[in-house]
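> The residues making up each chain are set out below.
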Amino acid sequence: MSATRTAVDYEAVIGLEVHVQLATKTKIFCGCPTSFGAPPNTNVCPVCLGLPGALPVLNKPAVEMAVQAALALGCQVRPSSIFARKNYFYPDLPKGYQISQYDKPVAEHGVVEIEVNGVTKRIGVTRVHMEDDAGKSIHEGFKDSPLNTYVDLNRCGTPLIEIVSEPDMRTSDEAYAYLTELKQILEFCGVSTCDMEKGHLRCDANVSVRPRGQEKFGTKAEVKNLNSFRFLKMALDYEIERQIGVIEEGGKVVQETRLYNPNTGETASMRSKEHAHDYRYFPEPDLLPLKISDKWLSEIKAAMPELPAARRTRFIEQYGLRDYDAQVLTSTRELSDYFERAAKASADPKLAANWVMGDLMGELKADGKEITDSPIPAENLGELVTLIAKGELSGKLAKAIFPKMLATGDAASAIMEREGLKQISDTGALGAILDEVIAANPKQVEQYKSGKTTVMGFFVGQVMKASKGQANPALVNQMLKDKLG
Amino acid sequence: MKITEKEVRYVANLANLELSEEEIARMAHDMDEILTHMDKLNELDTSGVEPMAQVLYEAEETATLRADEERPGLGSEKAVANAANSGAGFFKVPLVIER
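Residue numbers (the numbering used here), protein chains in the order written: chain Y, -9 to 475; chain Z, 83 to 181.
So that you can see chain Y by itself, here it is in the shape it has in the complex:
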């Protein structure tokens, strides 16, 4: 190895394996609930406990969700796929094997488009396969934890898909963008809530480095426990630097499994996994091949929701949104659904976009709330925008009403009615206010008449004040000009 090489002379090669929990009510092979946080070992039955003689029966909606996810990732769905046993021993795996898919996964050959620093890149998706989850081992927190590991099998049999990418990423930023895009697509499909804190989305990375320009891949390490976006990036950056360091010191990267420790920010070798890669897969004899007919596939396709990229483009074309705004408003399905309902109820979709992204998101964020918690129904926000667009509500009055909408959830029109806040566009009533203001300020009238037209602003302000902000500003301007000559 040349001693003059530095980090910039190396390139990382990264592939991600992402496990996603499907949003079914019950497990993949039995009717036990998948609910999170149940008391230990309550949502279990002979099938997911791996008791002798129990037989798995595949959950149909789980298959449909897996296929939807695969289609959303541009994969080809196999007409016939095979479940296989992946054999290993661990206390939270009572069957002694995981039911997964091996050489015939449900779907293959997909692609995810990412954008990093303005550059678009296509990341290949090798495969999507279905499998069951293991239980949970608890190593600490009990008096006898130094002696015993506690095992909760509630999670056993929870339906997962594993999405394996091609080794197409070259930086931690690209991996971050890929995972972000993947999460967004899956959320839009409604196949998973992708809640990383609850482990609905888990990520492992295969990482290697090679001198820039070299075609052959370096030896890879598999890094586990990347269970937040931040950890993914930090772990990759650490691991890439570590491998470059090993090579620079004349050493060799060892093919191994490494665990990321979020407390130290480092990855460490898991020696226990050394022999673990011989899983002796074989076809699961208790399950039939999964056959997906053309008819079923087209039914699943027909039920697919609009995906984020398509929705972004449509928002730009249909509502005249700016690129950036469309991006923000499609960041989650819930937000984009909310905006669309508000936009449809409003006379001005662009103004609706501003209110959703500005005032509404600002207030929700300050309260630590999500769009789904919005006290203002989308239709009411749309009505507020319509009232502004039609000139029945000044921007100032709208800003005054908005907090009341937030507090009560009531429609703007109802609040205006209740509080007598209607905008005054009646020339008779406005004329009376104008006359009072003009009579009370002879000095400013003098200034205006001598050519200092900037005092117009002063008059408008006085009229707005006298009318408690309810005067129609456009009309006030016009009438003042007429009256002051």
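Just so you know, these hints were derived from the structure itself, not from any lab. Every residue, glycine too, gets a C-beta built ideally from N, C-alpha and C. Heads up, a few of these hints could be off.
For lysine-lysine, the following PhoX-like pairs were computed, each having C-alpha atoms within a straight-line distance of at most 20 Å [claimed, not checked]: (1) Y:394 <-> Y:458; (2) Y:126 <-> Z:160; (3) Y:85 <-> Z:160.
From the structure, some residues in chain Y lie toward chain Z, with a derived Cβ separation under 8 Å [what the hints assert, rightly or not]: (4) 39; (5) 47; (6) 48; (7) 279.
Use these hints to put chain Z onto chain Y, whose structure you have.
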């Protein structure tokens, strides 16, 4: 020999089996015979035949799927009833050092 004692030890280790020297020798012999028999089967040209994962089924769509409907679980008391060690609703196993 188609299989060595070393390979028998390796497979036994993966399967969490502790075999005596005598058993290892016997296993090597038995497995060797099985593989010899496989050789006999391999004389048939099956290159044009789709590998068969299941003998039961030949249809366009899997008919044995389940609706996503909940069924009550066993409950923790029954679930851990046969466990060698349990507590607080959990199974307990000797400390697992490292995953």
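> When the hints from earlier in the document are held up against this structure, which numbers fail?
none
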